[in-house]
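K.L.:
Dock chain B against chain A, hints included.
The lines below spell out each chain.
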Amino acid sequence: MIKKTLPFTLLLSLLITITAGNAVEFDIYQSGHKPLRMAWNLDTNSTQTGAQEKIINHTFKDDLESSESFTLLDPMSFIGRLGQGNTIDYADWRIIGTDIIVQCHIDQLATPPIANIIIHDPFQQKELIRYTLTQLPIDPRRLAHAIANSVYEKIIGIPGHFSSHILFVQQQHNRANLIFMDQDGHNQQIAASNFELILSPDWSSDGRHVAINSYIAGQSRLEQLDLSTGRMSKFAGYKGLNSTPEYSPDGRYIAAALSHTGNVEIHIFDTQTNQWRQFTHQPGIDTSPTWSPDGKSIAFVSNRSGNPHIYIQEINSNTAKRITRATNYNTSPAWSPRGDRIAIITKKGWEYALATIKTDGSDIRYLVTGTGIESPSWSPNGQMLLYSQEINGLKRVYRIPNWGGNPHPITAAHIDASDPAWSKN
Amino acid sequence: MLQKYKLIISIVSVIGLLAFSGCAKKDVVGSNNEGNHTTAASGQHTGTHEVNGLNDGNGHAIANTIDSTVDGSMDATDNSAAASIVILPSAPAIYFAFDSYVIDGASATTLQAYAAWLKADGNRTMNIEGHCDQRGSREYNLALGQQRAEAVKSFLMAEGVASNSISTISYGEEKPACVGTGEACWAQNRRAALSAH
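These protein sequences, in sequence, are chains A and B.
The first sequence begins at 5 in the numbering used here and counts up by one.
The second sequence begins at 930 in the numbering used here and counts up by one.
The shape of chain A in the complex, shown without the other chains (with noise of 0.2 Å):
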């Protein structure tokens, strides 16, 4: 592995105070950071190159630009050939501003596909690394995904996420359906329909099952979809509230808030034995579960102390350690799967924020203020963040860096699209 230390590691945080007449004032955090700009040339020796190569060469520069950590130059600026047998002049590359280069050839003839990779810095003038990709899939757009992710992860440091898959909910007149969708918004598929009402999906770690929150006949429950044969079955319809479903990371539990005891309490469900235990145990709400990715503690909301607020529980322990301190409405919790950092629902002056926080309550870092913000969902790499936010009465999943920046949405304008849930690699 090798890591480009330019300004994508150097991640400053400035403070944008905006006064406006009577507005209320507010901070956003930016970064330093910017996004490394690409030379990249693609050769096959595809016999139907064409349609191929396009769809290749589109599919990963959108994966690549869509995590905001590269751009990729226009051919049409290349000021020399990129082909693996041709030699390279560094300086010329300087001049157009070329961080990175990346030459790929991909031998489809071979079965299954193999690709050679060399990447270069032009600034060090030289050569970093060169390596072969074998394996790879035959459709394109997962072939491109593949490459994606490895050359992401060669420059970065971190895996790359774009093999990765996302759920959200869709509402239409007044019932809802489970959507499935690549991480890039291709190959959407109903994956399950015609509920009342759809809450909380969350992927399991190995992605072939799906928990939710259904409503059906005015009974809330707690249901496991398996995604290859769409066969669902409910592992909790107790009296009440049967709420926020969350799989542990090695996939054998599923925390989630219930109210059959007469008051929301977060339990475990055992998926192997199909036995429930209460993992909290006081008066008030306690809610919105989020497991620690080493699976040792579960982060999660409780207003034992009057007003919603972040706490963390050993799954062993009794005891909860409350860690937001800061306003008095913090909810929606979810832990990076780095472990650093746990994304939660905050309030800023009169506005609600998606906004991260480190596991000890410090370090607070505001994305996005506004109204309707609901819902934060990791990418499987921790890079990346999903929500969503209601506007003009209709919900719409966006997608932000961690580091800030400008949100993309992902879903159409006109669904109405909430709960999303990135799949956990």
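Since the hints were derived computationally from the structure, they do not count as laboratory data.
Don't take each hint at face value.
Pairwise CB distance ranges (calculated) [unchecked claim]:
1) B:M1086 to A:D274: 30 to 36 Å
2) B:V1108 to A:Q279: 53 to 59 Å
3) B:Q1117 to A:K325: 36 to 42 Å
4) B:H1126 to A:D367: 51 to 57 Å
5) B:D1050 to A:D367: 55 to 61 Å
6) A:I59 to B:H1126: 57 to 63 Å
7) B:M1086 to A:S237: 30 to 36 Å
8) B:E1112 to A:D367: 43 to 49 Å
9) B:Q1117 to A:E318: 40 to 46 Å
10) A:T75 to B:E1112: 17 to 23 Å
11) A:I319 to B:D1050: 36 to 42 Å
Keep in mind the model is a prediction, meaning the values are calculated, not measured.
Just so it is clear, CB atoms sit at the ideal spot from N, CA and C, and this is done for glycine as well.
P.N.:
Using the frame of chain A, we list chain B on its own:
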């Protein structure tokens, strides 16, 4: 017209009996700091509270008709003479403050009337739907709505209603009674909807 007038008189009589039988027993339910259950402020109930929970048998509220006849609070739960003719209250919901599931005095009066109606016939049941306004997170609001429904259930049980005749569900902010923004609208959505059968 005469029949309707007689009906109103008889309703007023029942309410009068209820009203003079004593103050509201309990304003239980709800929690605040550290989650301890607390007692909401118990105020003197006016006639308006009782009549808001009644109708004329044809689905029409008769609040103005009997408003002035009732003086003081009511306790519908221990008036056995009235039990056979207890009328289903017409108030479809009780309302809550932001991020609260404390039942206030006016709501307590409504719930006492429901308790009386439920206890009058063991076959009667009630479904309580907890709802929230759109502010805050949907998952937390789902839990908050459930706590509102549970608060109502606890109140009714404290009034002697059997647990198995009450069901609860929360829709959080998913099914607003009023679509829009602003406190006037939000206040209508922070509710426990009461459906008695």
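K.L.:
Determine for every hint whether it applies to the structure shown.
P.N.:
Right, here's what the structure says about each hint:
1. B:M1086 to A:D274: 30 to 36 Å: holds, 32 Å
2. B:V1108 to A:Q279: 53 to 59 Å: Since V1108 of chain B and Q279 of chain A have Cβ atoms about 42 Å apart, the given range 53 to 59 Å is violated.
3. B:Q1117 to A:K325: 36 to 42 Å: This hint holds: roughly 38 Å between Cβ atoms.
4. B:H1126 to A:D367: 51 to 57 Å: Since H1126 of chain B and D367 of chain A have Cβ atoms about 53 Å apart, the given range 51 to 57 Å holds.
5. B:D1050 to A:D367: 55 to 61 Å: holds, 60 Å
6. A:I59 to B:H1126: 57 to 63 Å: holds, 59 Å
7. B:M1086 to A:S237: 30 to 36 Å: Once the Cβ atoms are compared, 33 Å apart, the range 30 to 36 Å for S237 of chain A and M1086 of chain B holds.
8. B:E1112 to A:D367: 43 to 49 Å: violated, 34 Å
9. B:Q1117 to A:E318: 40 to 46 Å: holds, 42 Å
10. A:T75 to B:E1112: 17 to 23 Å: violated, 46 Å
11. A:I319 to B:D1050: 36 to 42 Å: violated, 48 Å
Against the hints set out earlier in the document, violations occur for numbers 2, 8, 10, 11.
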